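Starting from the given sequences, assemble the full structure and let the hints guide the process.
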Amino acid sequence: MVRQSNEASLWSLFSAGGVVAAFLIPIHLFLFGLAFPLGWLQAPSYGSLMTLARMPLARVYLFVLCSLPLFHWAHRFRYALYDGLKVKHLNELIFVLFYGGAVLGTVLAGYMLWTIA
Amino acid sequence: MQPPTSNPPSYTEYHPRWYRPRVSVYWWMGSWRYLKFILRELSSAFVAVAVIMTLFQLRALRAGPDAYARFEQRMRSPVWIALSLISLIFVVFHAITWFNLTPRAMAIRLRGKRLPDVMVAAPNYAIWLVVSAGVAWMVLR
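From first to last, the protein sequence lines are chains A and B.
The opening position of the first sequence corresponds to residue 6 in the numbering used here, with each subsequent residue numbered one higher.
The opening position of the second sequence corresponds to residue 126 in the numbering used here, with each subsequent residue numbered one higher.
Simulated from the structure, these hints should not be mistaken for lab results.
Remember, it's a predicted structure, so these values are computed and weren't measured experimentally.
Even for Gly, the Cβ is constructed at its ideal location relative to N, Cα and C.
A hint or two may mislead.
[To be verified] To be clear about the criterion: a stretch of chain A counts as covered by chain B if any three or more of its residues have a C-beta under 8 Å from a C-beta of chain B, and this derived list gives those stretches:
#1 20-30
#2 37-50
#3 57-68
#4 83-96
#5 112-120
Structure (structure tokens):
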């Protein structure tokens, strides 16, 4: 089972991801999920988005935007399953799948942003 | 002073069973407070949905203008609009509950008196507004 000592660092990641998710994700979802697809706002062109995504600071920003919230999800959703749906017997499997997913997403984001230029 | 007794203690080794009533899997459906707790925890799933959308967007951006046009096309489909809307509602719910936790985590004192909860939570909303405007400006300019 998970040692107690892991819990503090996982909780820190959860907390940091919660902050990033709260401040940054709503505006991203609003713009790219609703405002641009529904034509409320003029969507930026491919070229201008690409210029933006190539800026070093924007790449760090996007990396943080993708990575930390995934660890937030892994931690919180794990406990939601334990407490809400009471699936304690799948503890280890859920632990590996969720944090593994968060690590995979982080690696994917890192790779894509590193090589976008 | 009493001499130490050599008699065995009067309790038995028998340990009674704990009283632990079985809790239903649907324990959170009974009251709004519990349901709100579970919905708040579930908001994290939609945080993940938003990140996955962003990852797909990045992949499309890297793959070129045609791939990005296909990504935009897909985002216009009713299914994705609905998913975006539901995700936005949950993520905003996450943001509000998260910001309102600040006074629970930090008891800020000013001249010996504890600042009211509203005063501790309010700066979060101001920062949220500024940050969102900043992101929108960078994307739209």
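These are the hints, each one checked on the structure:
1. Restraint check on the segment 20-30 of chain A versus chain B: 8 residues with Cβ-Cβ distances below 8 Å, three needed, restraint holds.
2. For the segment 37-50 of chain A, the assignment as covered by chain B holds, since 10 residues bring a beta-carbon within under 8 Å of that chain's beta-carbons and 3 suffice.
3. Against chain B, the segment 57-68 of chain A contributes 4 residues with a C-beta closer than 8 Å to a partner C-beta. That satisfies the three-residue criterion, and the hint holds.
4. Counting residues of the segment 83-96 of chain A whose beta-carbon sits less than 8 Å from any beta-carbon of chain B gives 6, enough to reach three: the coverage restraint holds.
5. Counting residues of the segment 112-120 of chain A whose beta carbon lies closer than 8 Å to any beta carbon of chain B gives 5, which reaches the threshold of three, so the coverage claim holds.
Violated hints for the displayed structure: none, as all numbered hints are satisfied.
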